[in-house]
Amino acid sequence: MTTSTANANSHPGLNLGPAHGQAHKDAETVVFGFWIFLMSDLVTFAMFFATYAASIHATAGGPGNADIVDVTSIGLQTGALLISSLLFGIATVAMKHGSSPRSTILWLLASLAFGLCFLGLEVRDFIDAAEKGAVPMRSGYLSAYWALVGLHGLHVTVGSLMILVVCVQIAIFGFADDVKTRVLRLGLYWHFLDIIWIGIFSVVFLPGLLT
Amino acid sequence: MEHFFFGRLGWDDIAIFDIFRDPTASNIVGSSAGWLAVIGGVIVAALLLIKGWWRPLLFTWLNTTDHKKIGIMYIVTGLVMFARGVAEGVVMRSQYVTSYQGGYLTPDHFSELFSTHGTIMIFFVLMPFLIGFMNLLVPLQIGARDVAFPRLNQISLGFTIVGAMLLMISLVVGQFATGGWTGYPPYTGVAFQPGTGPDYWIWSLGLSGIGSLLTGINFAVTIYKMRCPGMTFMRMPIFVWTALCTSILLVFALPPLTAVVIMQALDRYLDFHFFTNDLGGNMMNFANLFWMFGHPEVYILILPAFGLYSEFTAIFSGKRIYGYMSLVIATMAIAVLSFTVWLHHFFTMGQSPTINVAFGVATMLIAIPTGVKVYVWIATLWGGRIRMRTPIIYLAGFIFFFAVGGYTGILLANPTINFTVHNSQFVVAHFHNVLLPGTLFAVLAGIYVWFPKFFGFRLDERWSATTAWLFIVGFTFAFMPLYVVGLMGMPRRSPAFDDPSYIPYMIVTMGGALCVLAALGALIGTFVVSAKRREALAVPGGDPWDGRTLEWATPAPVPEWNFAFIPEVHSQDAFAVEKSKGTVYDIEANSYEDIELAPTSWIGLTIIVFGTALGFAMVFWMWWLAILSGLALLIHAIGLGFVRDKGEIIPADVIERTERDWIAMAQQGRFTDRRDEVSTDNRGFAARISEA
Ligand code: HEM
Ligand SMILES: [Cu+2]
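Each protein sequence line maps, in turn, to chains D and Z. In this text, residue positions in the first sequence follow the UniProt record's numbering: the first is 1, and each later residue adds one. In this text, residue positions in the second sequence follow the UniProt record's numbering: the first is 1, and each later residue adds one.
By construction, these hints were calculated from the structure, which means they are not laboratory data. Computed from a predicted model, the values in this text were never measured in an experiment. Quick reminder that beta carbons are idealized off the backbone N, C-alpha and C, glycines included. The reader is advised that the hints may include incorrect statements.
Unchecked claim - Straight-line Cα separation of at most 27 Å, BS3-like style, residue types lysine-lysine; simulated pairs:
{"#": "1", "chain 1": "Z", "residue 1": "319", "chain 2": "Z", "residue 2": "51"}
{"#": "2", "chain 1": "D", "residue 1": "25", "chain 2": "Z", "residue 2": "646"}
{"#": "3", "chain 1": "Z", "residue 1": "51", "chain 2": "Z", "residue 2": "646"}
{"#": "4", "chain 1": "D", "residue 1": "96", "chain 2": "Z", "residue 2": "225"}
{"#": "5", "chain 1": "Z", "residue 1": "581", "chain 2": "Z", "residue 2": "69"}
{"#": "6", "chain 1": "Z", "residue 1": "69", "chain 2": "Z", "residue 2": "225"}
{"#": "7", "chain 1": "Z", "residue 1": "646", "chain 2": "Z", "residue 2": "225"}
{"#": "8", "chain 1": "D", "residue 1": "25", "chain 2": "Z", "residue 2": "225"}
{"#": "9", "chain 1": "D", "residue 1": "96", "chain 2": "D", "residue 2": "25"}
To be verified - From the structure, some residues in chain Z lie toward chain D, with a derived Cβ separation under 8 Å:
{"#": "10", "residue": "40"}
{"#": "11", "residue": "149"}
{"#": "12", "residue": "213"}
{"#": "13", "residue": "220"}
{"#": "14", "residue": "274"}
Can you build the whole structure from these sequences, using the hints too?
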């Protein structure tokens, strides 16, 4: 990567083409739009966070936060999600530095695997909670809890599905420009979900752990 | 009563048969409305088949991604729903005339009427109107060939139509909510309304909300990224500024609605307890979330309307807009402040006086930038050579109504006064007084101004002006008396009243309502008469009003590719400046290039079909249908990632021919004096061609 052409091709970003080429211009619009979508999604989450915060004491005599938090499981989930994000990052770096589509797909699938681990653990937690009688129908507090955590889980599910779809697209079309920007956007989404998770961790689980 | 195939749908739900089951006055009115919808639908379907119109409908309209056609479809949707909304308004007023210790509608039917009326007017009349205008004007005014995401644009339209369809279906099958357009729980929860009503509300707002959110994203990106060379932010037409602010509002204000609709759905479908009375539910969470959307929403409705006023005030006073910079700042200030006042919608619901005061003051602050705007329009008119065309009639009506509505708004923003007039007819008077003249007049005037641009002929002046006057007179009589009865203590949303002194006022407002109905008739008349005279009214030159911004620099109707060359601008009001320099239509045309249009798509139609099926299935608990249509939508969405079709290529010589024909026409075209612009002399050439 020392020749001047290689340098021109490896400015930050996903190497969509020569610097400031058409592919870059196209990507700019789409990716900018996606950022706006993410901002909007962030507001949706904020509303669920706010509702959660307003409902903390609305347990109606039912299980509260401390009764449903399983430290180990939350720790594992956090780990799985962060590792998944890391692997996604590696996949994009692999794509940027011209690895074969196959290796990029493998990294993506590894990322997907950890995402699925996260989901599996989360579902198990939900089932445990339900067995303790902490179902969302029990109280306003539990409704808010299930909705907030569940909304994040739903996002992860959609993201997992999209990772699969993107893998298929890479397999079919190779690293076409629009496939690359799709990977780029999916990456933004995937990392965004980490940030939301950290929020959930600090607002929902940490207080439960401390009591 | 739950059935695998039909869910909870039973014979009794077919509202149009109520008239035979139990022919009370209320049922006759309700069923007749349903029959009208059904017959209307059948007639439209028959016309499509017999006249062969289904072909153009499918292949030039429903699959198009052209922002101009999409804009027109938005506005047509709005007009259709407007007819229903006005009819409901008239029925409600007739109830009030008869409802001194009585009334001919059942309380439930009356409640359903104000719920659908409010929902329709806000979400399926004014929103489609304004988004329609954004579609029509923004790309042209910033010198672009389309919006940033043409296919997404079609998807947005699809979702909007789904919402409207669900509302129309609720007229025929089942019942709509009785909880008002705000749908306050716990009244709209299962405990009080186990039926279909609130579910219709949930799905029509939820699904159309997706469309609006996507529109917001689309136009924010379009305005940030697609401006032509030289179009700096400070050179953008005011309408584009307001469209930008509206887009930002859509992006940030729709999520609270989405959230609240999801939570309400969870409460109703899965027995959650967000807003129920028992088990820790709290309705105040709903009120806060809903109005965090609801208040910005009224600015989503009014800002683009302000933009339209700014544009044609300048045009019809033959001057550049006064105080451009202050308009921009005022627009941005309103957009920001609109997020800080939501609580003024529930001053009376038990929060502390301190909070009430804070929100009261925040509300009054908005009056400052709004006042700035009104002054700017007046200052633009001042010393201008004003031409008293239909838009200026609307503008005059608007300034008067808006001043009254604004003052009463300030009154309402004062918590102490608010406690006394809360939920009275005073509030009804206030919001009709700001919303209708504010938004509806702007749109009607806008239709007059820009109709020739997209259809190639002007609207008949006499009919247009008559329509305007009928609306103004109608609204005066329909809503001004409500201030008085409101202060006398007459509540809103109440099916009957006990105080005989209201009766005369009710009669006056009934007269006003009929006048509004006549105005609606005149509006339709305007279109019919103008279409008949289209040859005489044709304006192929594309600039019938001596316009100032880029959209007027194209032929009428605008060709599919908007601009043969992407324009380059050097000032505000670029087209007006060029005209004054005499350099307009001066195209050193040597290098025409092929233009690729955005690919057509069927996703919009898929969404209309399966989205409506999904909503309907969810309302009636037909889970199989919900799953099937949900899957169909999902599969289509995933499939979209795999199509990589190209749009139609318009060859350079076609563009060149079209453009040269138009220029040749323009160069022979007869210049009309502005005073004669409504005569048939006006062929849309506002400037004498580069004689200078
Ligand atoms: C563009 C036109 C209009 C818009 C945007 C509009 C909007 C609204 C809204 C948002 C409501 C509140 C519904 C609620 O309280 O839940 C409402 C109520 C009402 N509107 Fe309209 N409206 C329009 C035209 C009309 C017309 C033309 C009439 C009469 C001819 C009318 C008569 C009424 C009545 C009687 C109510 C019920 C008031 C009450 O008692 O709460 N509206 N309208
Ligand atoms: Cu408000």
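Do the hints match the structure? See the list:
| no. | hint | verdict |
| --- | --- | --- |
| 1 | 319(Z) x 51(Z) | violated (47 Å) |
| 2 | 25(D) x 646(Z) | holds (18 Å) |
| 3 | 51(Z) x 646(Z) | violated (31 Å) |
| 4 | 96(D) x 225(Z) | holds (25 Å) |
| 5 | 581(Z) x 69(Z) | violated (33 Å) |
| 6 | 69(Z) x 225(Z) | holds (22 Å) |
| 7 | 646(Z) x 225(Z) | holds (22 Å) |
| 8 | 25(D) x 225(Z) | holds (10 Å) |
| 9 | 96(D) x 25(D) | holds (17 Å) |
| 10 | 40 | violated (36 Å) |
| 11 | 149 | holds (7 Å) |
| 12 | 213 | holds (6 Å) |
| 13 | 220 | holds (6 Å) |
| 14 | 274 | holds (5 Å) |
The structure fails to meet hints 1, 3, 5, 10 from the earlier list, while all remaining hints are met.
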